[in-house]
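Trainee: The residues making up each chain are set out below.
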Amino acid sequence: MSGTDILALAACGLVAIGLYGVVAQAEVLRKIIAFNLLGAGVFLLFGVVARRGAAAGLAADPVPQAMVITGLVVAFAATALALVLTLRLHQITGAATVAEDPPSGAAPDPASEP
Amino acid sequence: MTATTPGGWLLVLALTLPAGAMLLGFVAGGRHAQRIALGALAIWLAIALAVALQVQASGAPLAYVIGGWQPPLGMALRADGLAAAMLLTGAVVLLAVALFGQGAYDTPRGAAETRAAYAFWCFLPALAAALAAAFLGGDLFNLFVALEMLTFTALALACLDGKPSQFKSELRYLLFALIGSVLYLLGAGLLYGAYGTLDIALLAGRTRADAPTMVAGALMTAGLIAKMALFPLHFWLPPAHAGAPAAASALLSGLVVKGAFVLLLRLWFWVLPAPVVLGGGTVLAALGATAIVIGSVVALRQERLKLLVAYSTVAQMGYLFLMFPLLAAADADAASRAWLGGVLQAVSHALAKSAMFLAAGLIAVSLGHDRVTSLGGAARVMPITVIAFALGGLSLMGLPPSGGFTAKWLLLRASVETGQWWWSLVILTGGLLTGGYVYRIVAAALAPPAPGCVARAVPRPQELCVLALAVASMLLGVLPLYALGLVRVGAP
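Line by line, the protein sequences give chains A and B.
Position 98 of the first sequence, counted from 1, bears residue number 97 in numbering that gives the first Met the number 0, the numbering being contiguous throughout.
Position 195 of the second sequence, counted from 1, bears residue number 194 in numbering that gives the first Met the number 0, the numbering being contiguous throughout.
Looking at chain A on its own, in the form it has when it is part of the complex (with noise of 0.2 Å):
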């Protein structure tokens, strides 16, 4: 088995953390950290990727890990937004979940809206 096969399994595993946690978990924190994992996945899996598809005479394929620069900022933005809804929320009402609230009054209010 080479180092490039060991790098794909660890992609796939953490994919499947990464994939189990963010439906598994219940707090939205912890489901953040899992779209991380879930992220480093795809990440690795583009450079196993990139390695696999080395031309002659080149260590790695470069358009994949093009792709990953562009995919890190995409995920780093996302998870700050994700990371501020969040803390809004707990600031404002003091929930750590996205689940439904009790029936009485939890659906959001639109009809106040302006």
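Incorrect hints may appear among the rest.
To be verified - Simulated restraints, written as ranges between beta carbons of each label pair:
| hint | chain 1 | residue 1 | chain 2 | residue 2 | range |
| --- | --- | --- | --- | --- | --- |
| 1 | A | G56 | B | A56 | 29 to 37 Å |
| 2 | B | R34 | A | G12 | 51 to 59 Å |
| 3 | A | R29 | B | F234 | 15 to 23 Å |
These are computed hints drawn from the structure, not numbers from a lab.
Here the structure is a predicted model, which is why all the values come from computation and not from measurement.
All C-beta atoms in this analysis are idealised placements derived from N, C-alpha and C, irrespective of residue type, glycine included.
Following the hints, put chain B in place on chain A, whose structure we already have.
Mentor: Frame of chain A, contents of chain B only:
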């Protein structure tokens, strides 16, 4: 080999003009941001019209190779009939919403800008740029970035009012959208690993029906349908769309979900190999059919006007998936009808639904609430708004001569011609149920006002914006022959 076609520079302009306007507005702020956004969106509409005319006239897709670098190393912008039609729809809806937003987000001369107004006028052109990137992108990775741009701008618009009750539903929307994008990216990574390119034109016809392609296709499809809120991944949409301010709901329901739809079409009919499309199309259509029935029935039972309109989006998005098995059929004529029907459904729903959400917003402002049971008197105070809502509803129901009628009629015909008649039952049932919930609203609005009901008049210009969108959705049905040629350009 992609070459820049005459008029290709229009595509660059369609992308950079709104992005530039967003940055300028961000720096200038206040009244200037508002003027810049309105001006940019008006020019954007002219550009979209020029792109559509050019595609129609030349009968071939426009293309622009960025920096002269050929794919797979470089990236291309492409505008076929689908992209041109969706771009034009986006431009019409965005301009109408911007004019509508002058009411709520106006910064009077000399007054300090409010946070909501500043964000609104910056994010409107940002949404235009994101839509242009999603419709014109010719590269699956570029389209991923466009998807994320759409998510971020849509979320900012949805949270415009900063009300606590909104945060939970909008945060849930963000989580769904992020998982959707990361699954899409994972699929794109696998495709790159298998074929060494993500350029759609290069992938077209080269993909094999092997395990990596199937897994990649499944992951990307799952990600995209999470963003489009297809049953059973639809739970986030109604609260998120209904909780947003009226102008934002119109954009979210009308346009943002259509970005993912265009990507799904590109994936299925350009990238994935024919056997996969043949088998998987039926699954997607079955989910769409369930969405039509369940979304409509749940909409029928809603107590709140905006939630009702939002559930109707879940149902109407279901119609878009009916085209998948029809397109894969061997009958070329029927497939071409299904293609036109599906695209027309996306366009007419964008126009009609944005009109309905804006109308619902005006009704809520006027009455101070949006409980369906006590809408009485609304038609007396704002007849134009109620007429616009009803016209939008007629288009969703599929009554002639609306755009929705032509779309559903084409899908119905294609389903009978390809021998898949069971889809036509769903189309008809959906139309009946839609008629039910639209009638509920219109009947309630026409009822005499309840005692003690105080309804304020709403500004006439806002009412006219709503009416213009609804009428556009109706008029769409009268010019099918013209649109026919455009949407077919570069169709699969």
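Trainee: Could you check the structure against the hints above and give me the numbers of any it violates, in ascending order?
Mentor: Going through the list in order, the structure violates hint 1 alone and respects the others.
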